[in-house]
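Trainee: Take the sequences, apply the hints, and build the full model.
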Amino acid sequence: MRPDRWDGVGRVLLGMVGGILLTAVFMTVMWWPRHEVVHRTEAPSSVVYEDESRHFLGLVHEYTRSGRHTYRLVIGRDPGLSYGHWVEVGGFHAVEGVESTVWTVAGVRVRFRTGHEVFVPAEYFLFGR
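Numbering (our numbering), first residue to last: 6 to 134.
It is possible that part of the hints are untrue.
[What the hints assert, rightly or not] Have a look at the derived ranges for each label pair, beta carbon to beta carbon:
no., residue 1, residue 2, range
1, M35, V107, 10 to 20 Å
2, S58, G23, 46 to 56 Å
3, E67, G133, 20 to 30 Å
Derived by calculation from the structure, the hints in this document are not laboratory data. Small disclaimer: the values here were computed from a predicted structure and weren't measured. Think of the CB as a built atom: it goes at the ideal place given N, C-alpha and C, for glycine as much as any other residue.
Mentor: Here is the structure:
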């Protein structure tokens, strides 16, 4: 009895679909980001903004199992830092850490141990932006 030619084609197609699915799962696991807040501060009660809310700043380290690392400042009203105004920060500055954070009515200034500074005007993080 001769095997049907379509059985072989079906096995090849099934193998290809399985390979594509395994590759997609592997890439998802390797590139799925994880977050860690490496620095956190909140505006002092003496600084009152127009929206009359408490504001928080965090330096968030996002990384994947594949080795990709990014850092961003997140500034806003959410104490969990899940939303707000984001500012990307170079890894060199962020790895060295934050030296100081100064909150004023005009905005917030972050000074890194490398000597670099980032100033974010208040208009960018007020009213839940």
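Trainee: Each hint needs a verdict: does it hold in this structure or not?
Mentor: Hints, one by one, checked against the model:
1. M35 / V107: 10 to 20 Å: violated, 39 Å
2. S58 / G23: 46 to 56 Å: The hint (46 to 56 Å, Cβ to Cβ) holds, given that S58 and G23 are roughly 51 Å apart.
3. E67 / G133: 20 to 30 Å: 22 Å Cβ-Cβ, so the 20 to 30 Å window holds.
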